[in-house]
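Enquirer: Heads up: the protein sequence lines correspond to chains E and Y, in order.
The working numbering numbers the first residue of the first sequence as 1 and each following residue consecutively.
The working numbering numbers the first residue of the second sequence as 116 and each following residue consecutively.
Take these hints with a grain of salt, some might be off.
Said to hold, decoys possible - Below, simulated DSS-like cross-link-like pairs (lysine-lysine); rule was C-alpha separation at most 30 Å, straight line:
| hint | chain 1 | residue 1 | chain 2 | residue 2 |
| --- | --- | --- | --- | --- |
| 1 | Y | K124 | Y | K188 |
| 2 | Y | K188 | E | K71 |
| 3 | Y | K223 | Y | K188 |
| 4 | E | K57 | E | K71 |
| 5 | E | K57 | Y | K180 |
| 6 | Y | K124 | E | K57 |
| 7 | E | K57 | Y | K223 |
| 8 | Y | K211 | E | K57 |
| 9 | E | K57 | E | K14 |
| 10 | E | K11 | Y | K211 |
| 11 | E | K11 | Y | K124 |
What the hints assert, rightly or not - From chain E, some residues computed to sit far from chain Y (all C-beta separations above 12 Å):
| hint | residue |
| --- | --- |
| 12 | Q17 |
| 13 | N18 |
| 14 | E44 |
| 15 | Q80 |
Unchecked claim - Partial list, derived from the structure: chain E residues whose beta carbon lies under 8 Å from chain Y:
| hint | residue |
| --- | --- |
| 16 | G42 |
| 17 | P43 |
| 18 | Y48 |
| 19 | G72 |
| 20 | S73 |
| 21 | F74 |
| 22 | F106 |
FYI, nobody ran anything at the bench for these hints, they're computed from the structure.
Glycine included, each C-beta is placed from N, C-alpha and C at the ideal position.
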Amino acid sequence: DTGVSQNPRHKITKRGQNVTFRCDPISEHNRLYWYRQTLGQGPEFLTYFQNEAQLEKSRLLSDRFSAERPKGSFSTLEIQRTEQGDSAMYLCASSGVASGAREQFFGPGTRLTVL
Amino acid sequence: AQRVTQPEKLLSVFKGAPVELKCNYSYSGSPELFWYVQYSRQRLQLLLRHISRESIKGFTADLNKGETSFHLKKPFAQEEDSAMYYCALSNTNAGKSTFGDGTTLTVKP
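Excised from the complex, chain Y in its bound form (with noise of 0.2 Å):
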């Protein structure tokens, strides 16, 4: 079965701070992990995906296959970071994904 945990409902930083939101997947193939934003009153996008290795908007995430995490970190949030963050994982065959219940994130000035 395929579960996807974020453990914070909510986390709150200062602007210039480092942020870390965590994610624990449990899957028995080789999962595909994302994590996507939603913005206030906008509709839900990619961040970014493992298999990219990127930084986006100064985020990374690491999958971490012997802790079964992908948690996304950036080192100074800012407060247009500000948002709700889900983690997702999509089975091998690109079918079937699982969210996370998401984070929301608030950075404060």
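Same shape as in the complex, but just chain E (with noise of 0.2 Å):
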């Protein structure tokens, strides 16, 4: 599968842990999106990446949230003391600017839901 992919799938923490979410993109792909989607509402952008430099974050992105894509490859989101309110699917897409092509293609989610 080329595919986007990420891990975990489903993601069970309690409150005030940590966690850690992994985002493995279509490999020729240098561009990186992280988002957020709560039940009833689109996506929401958190960040992305153009290679391995970050260079837009959302104002959602709370300094308990941070992203990284160390060798322009695959990305990590973190989110630590996770609270309540950010139980979420989070979405990882990824895109080619080659030729303009400014389409996204999506992972399946990491669902998080913290207790």
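Once you've looked at the hints, go ahead and assemble the two chains, each given alone in its own frame, into the complex.
Expert: Shown next, in the form of structure tokens:
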């Protein structure tokens, strides 16, 4: 499967714990995006990378959230001191900028439940 | 600020009837508009983009800059079109993308 993959698919944690999610983009894509989606809403932009550089962060991304893409390949999203309000689906997407392609390819998401 | 509005949460039509899913946007620059679709138990995937001016699965969408709209249309809906549809706007440098809250389309037999 050459699509975007995300791990884990589901995560249940207790309030106050730290969690980390991984996203593996399509190999030739240099842009990687993170979104959060809650029930009844569309994906909300969190941040995006071009290669290893984090170019934009949403104000939604509090200081408890950090994302990295150390070698311009896979990315991790860490949430520290989780809160119940962090419960959501976390989506990753990637795109290639070659020939102006801006279509984003989405992963299956990681569903986080904070108890 | 970027904003995408999909005024209908739910839309139900009968098979063979025309369907239009509405999308309005606000953006100060030249936006790129997309429609994404999510079928049951599948991941979000691109349906079409305004820059391509293409028809996918019988769907078309025209960017109307005067009305700041990008409505999705299909003349004859099919049952397999039942899904969640999201309108999305990408800013000029293909960075931040803003999605609407989606419209659930149900096509009844």
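Enquirer: If a hint holds in the structure, say so; if it does not, say that too.
Expert: Hints, one by one, checked against the model:
no.: 1; hint: Y:K124 <-> Y:K188; verdict: holds, 16 Å
no.: 2; hint: Y:K188 <-> E:K71; verdict: violated, 42 Å
no.: 3; hint: Y:K223 <-> Y:K188; verdict: holds, 17 Å
no.: 4; hint: E:K57 <-> E:K71; verdict: holds, 19 Å
no.: 5; hint: E:K57 <-> Y:K180; verdict: holds, 28 Å
no.: 6; hint: Y:K124 <-> E:K57; verdict: holds, 28 Å
no.: 7; hint: E:K57 <-> Y:K223; verdict: violated, 41 Å
no.: 8; hint: Y:K211 <-> E:K57; verdict: holds, 9 Å
no.: 9; hint: E:K57 <-> E:K14; verdict: holds, 26 Å
no.: 10; hint: E:K11 <-> Y:K211; verdict: holds, 26 Å
no.: 11; hint: E:K11 <-> Y:K124; verdict: holds, 28 Å
no.: 12; hint: Q17; verdict: holds, 27 Å
no.: 13; hint: N18; verdict: holds, 26 Å
no.: 14; hint: E44; verdict: violated, 7 Å
no.: 15; hint: Q80; verdict: holds, 24 Å
no.: 16; hint: G42; verdict: holds, 3 Å
no.: 17; hint: P43; verdict: holds, 5 Å
no.: 18; hint: Y48; verdict: holds, 6 Å
no.: 19; hint: G72; verdict: violated, 16 Å
no.: 20; hint: S73; verdict: violated, 19 Å
no.: 21; hint: F74; verdict: violated, 18 Å
no.: 22; hint: F106; verdict: holds, 4 Å
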